[in-house]
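Protein chains in written order, with UniProt numbering: chain V, 1 to 258; chain G, 1 to 1003.
Just so you know, the hints here were simulated from the structure itself, not pulled from any lab data. Among the clues, some could well be false.
Stated by the list, open to error - As a list, the in silico PhoX-like pairs of lysine-lysine whose alpha-carbon atoms are at most 25 angstroms apart:
id: 1; chain 1: G; residue 1: Lys171; chain 2: V; residue 2: Lys114
id: 2; chain 1: G; residue 1: Lys171; chain 2: V; residue 2: Lys49
id: 3; chain 1: V; residue 1: Lys173; chain 2: V; residue 2: Lys185
id: 4; chain 1: G; residue 1: Lys756; chain 2: G; residue 2: Lys171
id: 5; chain 1: V; residue 1: Lys54; chain 2: G; residue 2: Lys58
To be verified - For the chain G half of the interface with chain V, some residues (derived, Cβ under 7 angstroms), not all of them:
id: 6; residue: Leu180
id: 7; residue: Ala430
id: 8; residue: Gln718
id: 9; residue: Arg765
No residue lacks a Cβ here, since even glycine has one placed at the ideal position from N, Cα and C.
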Amino acid sequence: MFKRLAGFMVLFHALTAWAGEPDVTEIIEKANRAAYYAGKDGRADVAMKIDDGKGNIRERAFTILRLNTGEVDQRFYVYFKAPADVRKMAYLVWKNPGREDDRWLWLPALNLVKRIAPGDKRTSFVGSDFVYEDVSGRDLAADHHELVETTDTQYVVENTPKKPDEVEFSSYKVWIDKDTFLPRKAEYRDKSGKLYRRVEALAVTDVDGYPTVTESRVQDLVTGGSTLNAFSNISYDLGLVDKIFTERFLRRPPREIR
Amino acid sequence: MKTLLTDFSLKHPWWIFSLVLLATAGLALQFPKVHFDNDPENMLRADEPIRLYHHEVKERFSLYDFVIVGIVNEDHEDGIFNVETLGRIDDLTGQLLSLEPTDRGEIRVTTPSRGDRAAQTATLDLNPSDLFHRLLNVAFRHNPNRLFDEEGHSAIVGRELIAPGVVDNLKQAELGALKLEYLMERPPRTRAEALTIRDDAMGNPLYRGTLVSEDGMAICLYIPISEKTFSYNVANLVETLTADWPASDQVHITGLPVAEDTFGVEMLVQMATSAPMAGLAIFLLLLLFFRRLSLIIAPMVVAVISIVCTMGLLIGLGFDVHIMSSMIAIFLMPIAVADSVHILSEFFDTYHRFQDKAKTVRSVVGHLFMPMLYTSLTTMAGFGSLAFTPIPPVRVFGAHVAFGVGLAWLLTMTLIPAYIMVFVPAKSLANLQPTGLAHAPGPMARFLERFGRISYRHWKGILTATALLLAVAAFGISRINVNDNPVKWFTEDHAIRTADRVLNHHFGGTYTAYLTLTAPESSQVNAETVAADVTERIRDRLSLIFPDAVGQFLGDIQATLRTHGHDASALLDALGPKAAAIDAQLAGGWDLLADEINYLDPEGLDRSGLKRVVAGLTGVDPAITATLFSEIERVDPAEGADLQDTALEICDTFTERRFSQVLAECRTAWFAPAFKRPEVLRYVEDLQRHLAEHPLVGKTTSAVDALKKASFELNYRQPGAEAPHPAPANETYFAVPNTVEAVGQVFTQLEGMKKKDSLFHLVTRDYRMANLWVQLKSGDNQDMEAVVTAVADYMAAHPAPDGLVSDWAGLTYLNVVWQEKMVNGMMTSLASSFVVVLLMMIVLFRSPLFGLLSMIPLTVTISLIYGLIGLVGKDYDMPVAVLSALTLGLSIDFAIHFLQRGREMTRQRGSWKAAVAEMFREPATAISRNAVTISIGFTPLLFAPLVPYRTVGFFLATIMAVSWVATLFILAALSRGLERWLYPAQNVPAEPEPSNRKEKCHV
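Full structure from sequences and hints, please.
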């Protein structure tokens, strides 16, 4: 009986795939690649505006370098250019999906490289409304995924964490463009089911053949605060080498940053 | 004219009944609209600058009012830091954060899962179990389950909760890494884990003395609430959630909002019990004095109607019932009763002469009209004067008591006659015998007669004694302590007082005030000053190495100053490209070289390999390469990574010497916001150090504490770990970093902590305003004031850099401000009503001397009462301040009655000597009854659990006693002493009136 049912399920899945509708695993895989893995490597200048919802705006400018080092492993280099007091400050992240990331911090005014112990990836990224996971991507295996709606242009995927104790949300929904597979919007619900956070890709353009988000925003629906990222000078496949994602290059930033 | 109202009432009693009933019913119908306000903040007008500032500070720093829950374990060897208690605290934290309404408006909390235990969800009902309190809650429309706003959001602002499980901690982890996590990431499973949490908390200046007690026995949770009015219910919720905790884990709940809100709720209970009890006591006393039920019912009805109408009016006009106005009933009761008792008492005494109700009433009213009008008017003046104080609730109170007194007078003039016409059967009056002299004198009468004789014989002694007492009172008044503390409104053994004591013993203090330091808006930076600074730095740093370039650049500075001299920022902008050009020329080669070396693979790198690479570089001056290699020879590193590092370090010594670097430093030094500047932060540090020595300050917390902790943890090197250079001791890093850049970079780490934005409770996002969280061990105004003075003195002696301006906010400070206003307001109102009453008395007696004389008892009473308060060290607080108005109103009544009757009798008898014996019979008895009634009537207040009610009860009794003695003794003694001026040419007895009582009495 079980066998027969299982067989039926396989057949059912095969049929839906054959009918042209990708299944949810495929959608989120593709979305993940589109959002975080475009090209072999990439760079972008980011202008960040953090609005606390009361009219106070803080601005930061930094450059991001990214290199795909394996099927899923990646390295990130974040170099600050403004405001003046944090100029030359840098972060280095080795993203290791499935296990803890490695992180380093360079504080030039203290002449200090400090390793940051693995911890919560859902902490604020430099005081903005983005969390580290927004910047480097959330491990696909951390959530259950369900395709809840398919519109003419988008797939809507509902995600629930496998370990709800480790995150502050109870679920989040992602709207993924059918043509580019770029996630355009994500909405997070808190433990009591209320909507409290929204991440959006406000503008998308084609750069070197890759659909690329050039403006993104996070809104904190509780405090009214938001953070806007504007990306410029974007390029892909620069030929970055992995040695620049090391401690040595924290003290002396790589050429690609300048 | 005098009896116009009364005549109408005698003719149309039912008209009066209907009118009174209609008015009372109409005003009583306002009762359901009642809204209570127990917020002392409302002692200040809503647009009072300090209140506006307080809210601005709360808004800017995202501060909330806190319900403080202290958990104390004095039994366990590790104090509070044991596995079980920390587990319970974690449960409570989870429960508080999970608070949500069910669809049916009930409360749902979820206890988080722990170990094998799954998460549990429970629905709570916080309604009291006993019927009495349930009924009270219904009557006063208090819903204990109100823990959500209209949109269903929790009363608890979860993201701002301060508890071990949700506050950030920075600590060292393996491999010299820095760990960002919550102080109690998960409840401990072993003793070692529990003790680690203790050590982490103790090592963090933000938490030691605030979140955890320094003795390790207590932890405080600070529960932020969206509105102060939630605090009682939140406290109640915590009590319910911790009800099953073992006795060793004591739970104490405190904080000003809880104290204030609890007071409000208990105030309602008092209103529902104290006022009726006082009414009952007065009723029983009257019954004892007059032994005639029909006589007493009417005054009680007058009192009740006056109170109902006054409260109805207050509610109907849209005023909130405040701590003050809750006492209206208690203040009105004696005043309203007094007038009507006078009328009825006289009515029954004189009825036998007229044998006609209407005629008797006309005679009595005709006779008492003036003194009663004046006693009412003076009382109204006393309370009415409160309407001119700057404190809104006191104004409302004063105006409404004045209204109530006026109403009571009107009712006495109309309702009492109507009552007599309809409800007192003529038959029951037929056998009335004149009271008083016909009977054998009772103990009170005998006592009073002796009083009278003493007052006549020993008048000089009495006046001397009075003068002596007044001198003592003056001394007492000089020692009066203006002080209040809402927590002290509760009696010593109240749970809130206990919590206050216990928690202030273990912690830095539960009373919070915010000291803000603000840098002035845009302080204009002088371009010449900046130019001079740039010049000096360039000379210091670069003139030895690049003398030519320095000379050129200094010329550039002067030239640019001439063109951009108006704006320092533009000056630096203009110098930027020039510096960059010089840098490219001087360090460009080194940059290229270093870059190239940086990208080399250290694996197998040796000096010849390095030479090959360098030689192939274009754009690098051979002199530079030569310098590099001579330096390498000198240092003599090993091959590989060591060689590469050495080469880079050599390059660094040249690339660091940049003109643009100096310019960048100048820019941050001159344009960085105040609270990124080391000198400003060190000033704050010194101020905090100074405050820490103040005995009243338990603890201060600022962004500087957070900065120092973060600097320490970032710079920390594990002992024995390999260091590139000889490292200074770790402790030296527990300090404000030396440059603006270093401060900015450390602060940036704090901005991105796990609990987002917690730094911004202490400094604004633009770093131009800082908030020092000052914890006091006492909420007394005086103590707060002492700390305010200490800060002002310090800042005067040590002028702040950057022209920082200090200011205060916080509930503890707010109380100081309204106290100050209250004292000054009461002084003015007392003085002005004194003058008004004096003028009224001069008009009433048509004699300045009598007018002055009538003011003596109340002057003596007020002096003695406040002298007593000063001597025994009782704080001059809100109820005490208001008592002066009551004294004025009640004391003058005795004097009016005494002097009016004294004058009449002296006129009849021919001399004061002859009148004095008479005076100490019936008039003195009436005054004494009145005094005793009021004093005894308020004894129920002495058993109230709220101190202001007790104070009022005690002082009412004292005021009555002192006024009574002052009237009978001092006025009599003065009448004797001033007889010549008071009663000149009174040798001929006045023509006996037809109503001459003495004659009739002997019929």
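We went through each hint and held it up to the structure:
no., hint, result
1, G:Lys171 / V:Lys114, "12 angstroms, holds"
2, G:Lys171 / V:Lys49, "30 angstroms, violated"
3, V:Lys173 / V:Lys185, "8 angstroms, holds"
4, G:Lys756 / G:Lys171, "17 angstroms, holds"
5, V:Lys54 / G:Lys58, "13 angstroms, holds"
6, Leu180, "5 angstroms, holds"
7, Ala430, "79 angstroms, violated"
8, Gln718, "12 angstroms, violated"
9, Arg765, "5 angstroms, holds"
The structure fails to meet hints 2, 7 and 8 from the earlier list, while all remaining hints are met.
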